[in-house]
Structures are given as structure tokens and as C-alpha cells.
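All chains should be modelled from the sequences, with the hints used to inform the complete structure.
2 protein chains.
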Amino acid sequence: MGVLELDYSQYQTVYNVLSFALASMLATFIFLLVVQGRVLPRYRQALVVSAMVCLIAAYHYYRIFDSFRHNYVAIDEGAAATAFNAIQYQLVNGEGFNEGYRYVDWLLTVPLLLFETIAVLALPRAIRKNLLMKLIPASALMIILGYPGEIAVDAAPKAIWGALSTIPFLYILYVLWVELSKSMNTQPEQVRKDLNGLRLLLLATWGVYPISYMIPMIWQDAGADTFVWRQVGYSIADVLAKCLFGLLIYKIAREKSANDSREFVDQEIDAAPSSK
Amino acid sequence: MGVLELDYSQYQTVYNVLSFALASMLATFIFLLVVQGRVLPRYRQALVVSAMVCLIAAYHYYRIFDSFRHNYVAIDEGAAATAFNAIQYQLVNGEGFNEGYRYVDWLLTVPLLLFETIAVLALPRAIRKNLLMKLIPASALMIILGYPGEIAVDAAPKAIWGALSTIPFLYILYVLWVELSKSMNTQPEQVRKDLNGLRLLLLATWGVYPISYMIPMIWQDAGADTFVWRQVGYSIADVLAKCLFGLLIYKIAREKSANDSREFVDQEIDAAPSSK
Chain A
-1 MGVLELDYSQ YQTVYNVLSF ALASMLATFI FLLVVQGRVL PRYRQALVVS
49 AMVCLIAAYH YYRIFDSFRH NYVAIDEGAA ATAFNAIQYQ LVNGEGFNEG
99 YRYVDWLLTV PLLLFETIAV LALPRAIRKN LLMKLIPASA LMIILGYPGE
149 IAVDAAPKAI WGALSTIPFL YILYVLWVEL SKSMNTQPEQ VRKDLNGLRL
199 LLLATWGVYP ISYMIPMIWQ DAGADTFVWR QVGYSIADVL AKCLFGLLIY
249 KIAREKSAND SREFVDQEID AAPSSK
Chain B
-1 MGVLELDYSQ YQTVYNVLSF ALASMLATFI FLLVVQGRVL PRYRQALVVS
49 AMVCLIAAYH YYRIFDSFRH NYVAIDEGAA ATAFNAIQYQ LVNGEGFNEG
99 YRYVDWLLTV PLLLFETIAV LALPRAIRKN LLMKLIPASA LMIILGYPGE
149 IAVDAAPKAI WGALSTIPFL YILYVLWVEL SKSMNTQPEQ VRKDLNGLRL
199 LLLATWGVYP ISYMIPMIWQ DAGADTFVWR QVGYSIADVL AKCLFGLLIY
249 KIAREKSAND SREFVDQEID AAPSSK
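From first to last, the protein sequence lines are chains A and B.
Under the numbering used here, read the first sequence as residues -1 to 274, first letter to last.
Under the numbering used here, read the second sequence as residues -1 to 274, first letter to last.
Errors might be hidden in some of the hints.
Since the list can't tell identical chains apart, any single copy or any two copies may satisfy a pair.
Said to hold, decoys possible - 30 Å max Cα-Cα, derived DSBU-like pairs, lysine-lysine:
| no. | residue 1 | residue 2 |
| --- | --- | --- |
| 1 | Lys191 | Lys132 |
| 2 | Lys191 | Lys127 |
| 3 | Lys156 | Lys132 |
| 4 | Lys132 | Lys180 |
| 5 | Lys156 | Lys191 |
| 6 | Lys156 | Lys249 |
| 7 | Lys156 | Lys180 |
| 8 | Lys127 | Lys249 |
| 9 | Lys156 | Lys127 |
| 10 | Lys132 | Lys249 |
None of these hints come from the bench; they were simulated from the model.
Owing to the predicted nature of the structure, the values given are computational and were not obtained by experimental measurement.
Here it is, written out as C-alpha cells:
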């Protein structure tokens, strides 16, 4: 739940990384909305959901940024007026810096991320439904089981809840790699490659979360550095898992649109459609 | 990192130039979104990305403006109440005026600017991909290498990081002038001329950044003036490199649309399309 004191560069690092995440979420949200017309209608659902993921995340980053800014105040130490690097920031006794926003965010966005992944593939209805009925409850369970460990102070409950949360995570990986792969043979070559990129991005970025989660466990002397690196880790993972992931969904939707319709290719891609 | 004291006209200059940049970014962002329909679908991607660049910059100028406003406060010196020109502004001990926003902004927008430059040309996929794979990592590297020099207080590290950052910058110029030129012979005459304008604008405006960066080095007695001129330099360069650049992208997209489609010319340009 934050630490008591941060020095100048630690404060600046957290401050700027939170602002970076907010700017990225905001821009990707608008981008995914305004490029609707750049894909065939059947793929727009996936884009809208990706945009909503970024909107929800932008809202939460605004809250996290605000919470950070208002709960850490500079301590005036006289000398500070002439040397900024000497300023210390102290956590005030108020609401405290709220880490809960992240979990509320993930509880909403992680199921939606899995939904958009399945939606963009435009699989037959029965297969799609079957996959979503497995992925969505598992992802919610994963977040819910992680939260008690996040707020726990001791290493033991952190490890237990972390381990419990890993079970649905492994199940999600099983569904995405084994079950989903069975439905992929009808997809065009390029889409299969992109889906693979999507799954690897998901694995790589979701892998950052448990690392950030475990930082206070492995780096036992706690202190401000573990707090700073956890914030940096979570923020960068969020940008990759939401913004970059959303842009990859858009890329897949473009490729599938081009694959589905010659007219789409003429209008959207080829420079000289009327040359014929 | 800001300086300790600004006089009335220095404070007003920074305040107004930041507000000017914010207004320009916001208006260009909206403009580029609403003119989507004025170009053929295949050029809209470039316009959307240009709009996102201005949105991201608008967000950061809002933050920079806010940071400036809240971190410099007027010192009441009695006489000040009757003579505005006598008011001094002092940097309070708070978050400090945050220069980091500029670098976060550039890290996001500079790669996007290069993306939109290539996107608007609608080059064959392989060439486009090849150019982007060179330009985008180089631009990110350029920004990342510049940051340690920006926050350094001494001239020596400033010069070293500045020199390192210049290497990817020169590489970008090489790719844009030498490699890109090879792909330009299929482009219409007017587009070739506009691309040249685009590249020169890029060179001229990006040239302002190193000058602003070096101001504290060359103008050794530091003080408030170097701070003010750095803010003015960066802000004007940003407006030229993002707003004016975005408008030039729009101009190229219009010309290429007219070149691609007779119907577009009839609808969008000719005064009497139904004369036939």
C-alpha cells in the first residue's frame, strides 16, 4: 500500500510513469473508436470492446495518478528550496495511496481483453460461446484470488493467494493454446501468425504482473524502491496488455477484412483500384 | 527543472506560450478527425495517427501548463499590488515544474510522426514495413538517450548524452533522404514536392530541439532567461512539428486522393462536376 517516504527521483519516476500510462490509454481509446470504419462491420465489435478496455483503464489511471499526487506531499526542508534533488516526499495520513483501483480495473478489463481476442477471430457461434464460458469466469477468479495477496503485508498469505490465483491463470493459458488452436485451422495464414503474436504478448505482459506482485516478497527489505518498481512494472504491463494488445486486435481485424472482401482491399489498401 | 524566480514578463511569456501550444494541439486534433471524409479511405489511417499525435501533445501541454501554474506563485511585495510589473514569481517546494512530460510526450509522438509520414505515401507493404522498422526504433532511441542529458545539471553529461542522441537522429535523416527517396519515383510530381516540404519541415523543427536543449550549456550564466527561452523554443517547435506537420500530411492525402480517383476530384474539387 505504498511506503512512507520517496526521494525526488523516485517520486518523479512514479509520477511520470502513471502519466505515461494515462496518456497511452486515452489516445488508444480514441484511436480504436475513430478507426471503426477501417475494418468490416463484423470486426467492429472487437474494436469497440478494445476501446472500452482502454477507456476503463484511462479512468483508473486518472484516479491512481490523482491518488498518488494528493497523497504524497513534499516535505519542506529549507535546503530544498535551492536543491530540488534534496526534496523528500511523504505519504500523508489521508485515504492513503489506493492500490485497489488496479484490481477494480483488472476485474473489468481482463475478461474484456479475452472477449476481444475471441471476438476478432469471428469463430462460429458455438465455439466462441464455449471458449468465452471458460475464459471469462477463470479470468475473474484469477483477479479476485490475487487481491487478498496484494494487500497482505506478510509473505506467507501473499504466497498462498498468489499460488491460488495462478491456477485459473494456467487454465486460461491451456484454453488459449490448446482449445483455441483447434479452431484456428480455418483462419488465414497471416491471422494465425498474428494470433500467435497476440498470445505471446498476452503471456509476456501477464507475466509482468506476478513479477510486480512478488517484488515485495523477493526484495524483502521493502523500502521505497520495491514500491517504485512495482508501479513501473504494473504500468508498463498495462500499456502493453491493453494499448499494444488493442492495436494488434486492430491489425488482425484489418487483415481479416482484407481477406474477406476484395472491395475492402480496393478501397482501403491498393493505391490504384480504378486502373482496371 | 525550472529556476527559482521569474519576473512578471518572464512568467507571462511562459504561461502564454504553453497555452498557445495547448490551443493549437487541441484544434488540430479535432480538425484532423473531422476532415476524415475529405480524403479517400486509404489515407485516413495517416490522418487518424496525426490526430492522435496532437491529442497526446494536448494532454501533455495541459499537464505542463498545470504544473507551471501551480508551481510558480506570485510573491507579494507590497508594491506589487499597485505595479504589476514588479511582481516576482517563485517556484514553490512542491512537485517542482515537471520537464519529464515533454520526454514522455516525445517518446509517444515522435515514432507516430514518422509512422504517419510513411503511411500517407501508401507505399507497397514490404517497403513501408522496412522503412518503419528502421525509423521507429531509431526515434525511440533518440528520445531515450536525450533524457539523461536534459535532467543533468552539468555541461559534460549534457554534451555526452546529447551527442549519443544525435546518432539515431542522423540515421533517421539518412533513411528519410536516401532510402525513402528510392521509393518516391512512383509518386505523382506534386506529392514528391510535398514530401520534400515535409522532410524540410521535419529537419527545421527537429533542429530547434537540440538548440533548446543546448541553451543551458551555451548560455552558462543560466538564470531565468535560459529557462524561458527553452520553454518557448520547445513549444514553438512542437506546434510546427505536430500541428503544421499534420496539416501537411492532410494536404498530401488530398492530393493523392485526387490523383487516385476521378470521382473524388468531381465530388471534392471541381466546381461543376455535372457539366458532362
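Outcome of the hint check:
{"no.": "1", "hint": "Lys191 with Lys132", "in the structure": "both (23 Å within a copy, 22 Å between copies)"}
{"no.": "2", "hint": "Lys191 with Lys127", "in the structure": "both (23 Å within a copy, 16 Å between copies)"}
{"no.": "3", "hint": "Lys156 with Lys132", "in the structure": "within (26 Å within a copy, 44 Å between copies)"}
{"no.": "4", "hint": "Lys132 with Lys180", "in the structure": "within (15 Å within a copy, 36 Å between copies)"}
{"no.": "5", "hint": "Lys156 with Lys191", "in the structure": "neither (37 Å within a copy, 44 Å between copies)"}
{"no.": "6", "hint": "Lys156 with Lys249", "in the structure": "neither (38 Å within a copy, 40 Å between copies)"}
{"no.": "7", "hint": "Lys156 with Lys180", "in the structure": "neither (36 Å within a copy, 56 Å between copies)"}
{"no.": "8", "hint": "Lys127 with Lys249", "in the structure": "both (23 Å within a copy, 13 Å between copies)"}
{"no.": "9", "hint": "Lys156 with Lys127", "in the structure": "neither (34 Å within a copy, 45 Å between copies)"}
{"no.": "10", "hint": "Lys132 with Lys249", "in the structure": "both (25 Å within a copy, 20 Å between copies)"}
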